[in-house]
Amino acid sequence: MEMFPLYAMNLLYTIATLGLIVLGLAVVFGFLGVMNMAHGEFIMIGAYSAVFVQQAGYYPLLAIPLALVVCAIVGWLVEWGIVRHLYRRPFDTLLATWGLAILMRKCIEIAFGRKYRSIDQILPGTVGFAGIDYPSYRLALMVAIALFFAALFIWYRRSNTGARIKAMMSNPELAAAVGIDTARLARGAFVFGTCSAGLAGVLMAPLVRVEPYMGIDYLLSSFFVLVVGGLGSIQGLVTGAAVIGGTNVSISTLSGATGGYLAVLLISIVFLWLKPNGIYSRG
Amino acid sequence: MVSARLALFAILLAVPLIWGSFTAYQLGLFLLYGIVAQGIALCWGRAGFLPLGQALFFGIGAYLGGGAMKFAGESWLVLSPLLVGACLVPALLAWAIGILVFNRQVGNGPYFALITLALSMLGLQLANSLEWLTGGFNGMTGIPGLPGIDSYGGLYYVIVPVLALTTLALAHLLRSPFGQLLSAIAQNEERLQFLGFRTSGFKALAFAISAGLAGIAGVLFAAHDGIVTPQSVGYLLSAELVIWTAVGGRSSLLGPVIGAVLIGYLTAELRDTFPYWEIVVASVFIVVVLRFPNGIAGLGERLSWLSRRSLPRQANPERDIAIAPLEREEGTTLSFQDVHVRMNGVRILNGLDLSIRARGIQCIIGPNGAGKTSAFNVLTGRLPATSGEIVWRGRPIAGRKPFRVARLGIARKFQVPSVFPDLTVGQNIDIALWANRLSFVQLFSLGAYRWRTAVLASLERLFPELADPSVLARELSLGQRQMLEFAMTNLVEPQLMLLDEPCAGLSTEETSRMIEAISALATEYGWAVLIIEHDMRVVERLSDHVYVLHLGARLAEGSMEAIKADEAVRAIYSGGSK
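From first to last, the protein sequence lines stand for chains E and Y.
Just so it is clear: in the first sequence, position 170 is 170 by our numbering, and no numbers are missing.
Just so it is clear: in the second sequence, position 379 is 379 by our numbering, and no numbers are missing.
Don't take every hint at face value.
Stated by the list, open to error - Capping the alpha-carbon separation at 35 Å, the derived lysine-lysine pairs in DSBU-like fashion look like this: (1) Lys401/Y with Lys275/E; (2) Lys166/E with Lys70/Y; (3) Lys275/E with Lys166/E.
If you're looking for bench data, these hints aren't it; they were derived computationally from the structure.
With the hints as constraints, model all of the structure from the sequences given.
Below, the structure written as structure tokens:
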């Protein structure tokens with residue numbers, strides 16, 4: 001009977017981390033209509049911030065502000081230099097950010113080399129409950145993600161900025177006409193997206209393989225979550241993460257990583273085929 | 001252009017003699033990648049959708065070709081059918097994927113690109129894990145190559161002619177109606193659907209052709225390298241292929257080959273000595289996307305003396321093949337039966353009942369928001385009906401896709417004229433003529449450019465503005481675009497023509513001529529016309545029967561005199577109490 005609680009915890013952990021990973025892509029695609037192909041590379045920057053802090057021997061949690069600052073600066077520059085010019089050409093933003101992804105991978109490769117890195121655990125050890133021992137860091141991470149999402153949800157519902165974003169999404173011209181600075185708001189949304197990706201990178205770094213080419217996996221799994229969950233609601237995002245994460249964990253346990261990946265891909269194609277606007281769409 | 005291409009191929013054939021066979025061997029690899037890039041350019045530069053995982057098909061071709069060569073040994077008899085299969089499998093796979101994705105996704109959003117990328121990732125994983133089939137991480141080794149052809153010598157003289165053949169075949173394809181339809185898809189896929197074209201089929205076919213090209217290149221690659229590793233299916237190669245295509249020029253035939261040879265060769269040379277090279281390439285790619293969509297080939301055209309003449313436009317062939325009118329069954333009846341449409345809690349149509357008569361011109365009027373255009377949308381499959389039924393000639397058609405409705409003889413002109421802006425007037429007319437007529441074989445022959453019909457002759461008489469077929473549609477005035485779209489709606493020879501404010505944006509004189517044209521064509525060819533119109537003078541002059549819509553339902557119908565006398569209609573138009 002030890003299997004079930006462990007499986008359930010792994011599932012919850014996968015959903016929570018997937019939710020954090022997809023958040024940035026969902027914000028940028030949902031609010032701005034921009035498919036940021038370099039999303040995974042911002043996660044990679046976050047992870048390499050942790051590598052840098054560890055190499056320099058600083059306190060590990062310093063990686064969080066470092067990643068946020070780096071991702072904010074890079075995100076700001078990218079929005080200013082590339083994405084801003086392409087809001088009316090969504091297909092070209094896909095290509096330009098794809099080029100950016102290659103650029104970022106190569107820069108990191110030159111700075112840190114191509115080899116795999118690992119990050120020391122911040123919270124080593126396990127916590128025992130329900131007959132299993134579960135890694136403390138994973139537990140802490142899950143709680144932190146849940147709190148982060150709750151805060152975000154309340155802020156989006158209550159704040160003025162949330163209302164402005166909703167206005168910009170439903171009618172950008174009218175929003176601009178009533179005095180909302182949509183250009184600034186769009187830049188803010190883009191930078192928020194890159195920063196949340198960077199944060200995800202730092203937090204995930206101790207648990208995954210850190211290497212220059214790690215981003216593509218995160219991009220694709222985020223994309224799958226968006227396909228299943230649809231755009232525009234936290235509810236959809238969590239459901240998407242649950243479907244994709246659940247399938248991946250279950251099938252991978254039974255038949256290996258390739259099987260899990262294949263199942264996720266098939267589910268995404270089925271969703272594109274039957275429910276192109278996500279699980280909560282009608283028709 | 002033709003002489004430039006000939007010169008290029010002459011130089012390619014001379015490479016082994018001038019620079020030696022080792023250079024030719026290295027060059028051969030990038031010529032193969034160039035063939036793959038040509039396929040990407042067909043999808044991306046022409047049809048407007050981007051395959052981001054093209055290495056998958058290259059790799060499948062390579063593995064299948066390599067396996068076939070190992071199996072067949074020295075026997076061409078056994079090998080040739082296997083190699084044909086190795087090229088066809090990727091094409092069929094791509095066709096299936098294309099049908100699956102394009103049937104649901106109209107337009108060129110990111111979904112297709114990311115799905116192909118994910119498939120390429122899956123291919124990489126499978127190639128790594130299926131060791132018994134692919135040799136796993138170390139790859140499939142000991143491939144003997146093509147019988148009797150030395151991989152380091154003779155194979156180059158196979159690769160260059162294959163490249164010449166693919167270039168010729170693609171050049172023909174792009175000139176053919178199929179190529180013109182792909183351009184139209186990239187510009188305005190929805191318009192094609194409302195003309196009755198099943199665009200997903202064309203896109204899937206283009207994708208299949210591109211995958212077939214990748215498969216051919218893959219087979220030759222297996223012979224060339226003698227080893228196939230999982231990298232040949234992976235996303236890194238896919239990404240490089242897209243970059244080469246972009247930098248070389250996605251709208252050109254040889255641009256992608258130039259891109260592959262130039263960037264690919266330089267990358268292979270500089271990767272180890274100059275670590276910043278790939279950063280340079282990625283930056284160039286971003287700049288190309290932002291500023292130079294046609295890459296090196298586009299720059300070359302801009303610089304060359306050719307550009308000082310007017311843009312090279314396809315000569316319009318004489319239209320000298322008379323095509324018989326489409327045979328349509330007699331009798332047109334259309335009825336909306338209690339149709340409701342609700343979107344996000346808003347009632348757009350609220351129990352609409354309408355019976356449209358078989359012939360003649362009928363008008364729909366009503367205040368803004370009455371549901372006039374929505375009635376057209378739900379009829380032509382642009383808007384789903386929440387409940388109720390629409391019956392066309394005894395058949396229920398609510399919820400059918402736009403192209404299926406169009407094929408039943410219902411043509412539509414939009415409120416804001418919807419044409420193919422970067423095609424010429426002549427090409428726009430071609431496409432309308434082809435709707436519901438073009439057979440699969442005619443798709444690839446040039447004869448269809450010479451078609452003319454009786455309706456076209458009538459239209460040319462009525463609209464001398466459209467006489468010059470070489471003007472780009474985007475250069476027309478709003479009124480002329482209205483006329484062009486109206487002409488296209490007529491050319492499909494519908495049984496029922498839906499016109500949404502056909503006189504919007506026209507001058508008084510043009511309005512008169514449009515009215516005359518509508519009435520002349522409807523009388524001459526006997527099709528029913530349903531018009532949404534705000535201008536009561538137009539309604540009065542055209543229509544013998546008027547429907548009044550209000551709040552998503554029918555308020556009144558009858559002759560113009562009866563409508564004018566109707567108390568309820570006067571109330572909504574003059575703002576009186578209801």
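Comparing the hints with the structure gives:
1. For the given pair, Lys401/Y sits about 16 Å from Lys275/E by alpha-carbon distance, which is consistent with the 35 Å threshold.
2. The straight-line distance between the Cα atoms of Lys166/E and Lys70/Y is roughly 61 Å, outside the 35 Å bound, and the hint therefore fails.
3. Between the alpha carbons of Lys275/E and Lys166/E the distance comes to roughly 24 Å, so the proposed pair stays at or under 35 Å and holds.
Figure legend: structure checked against the earlier numbered hints; the only hint not met is number 2.
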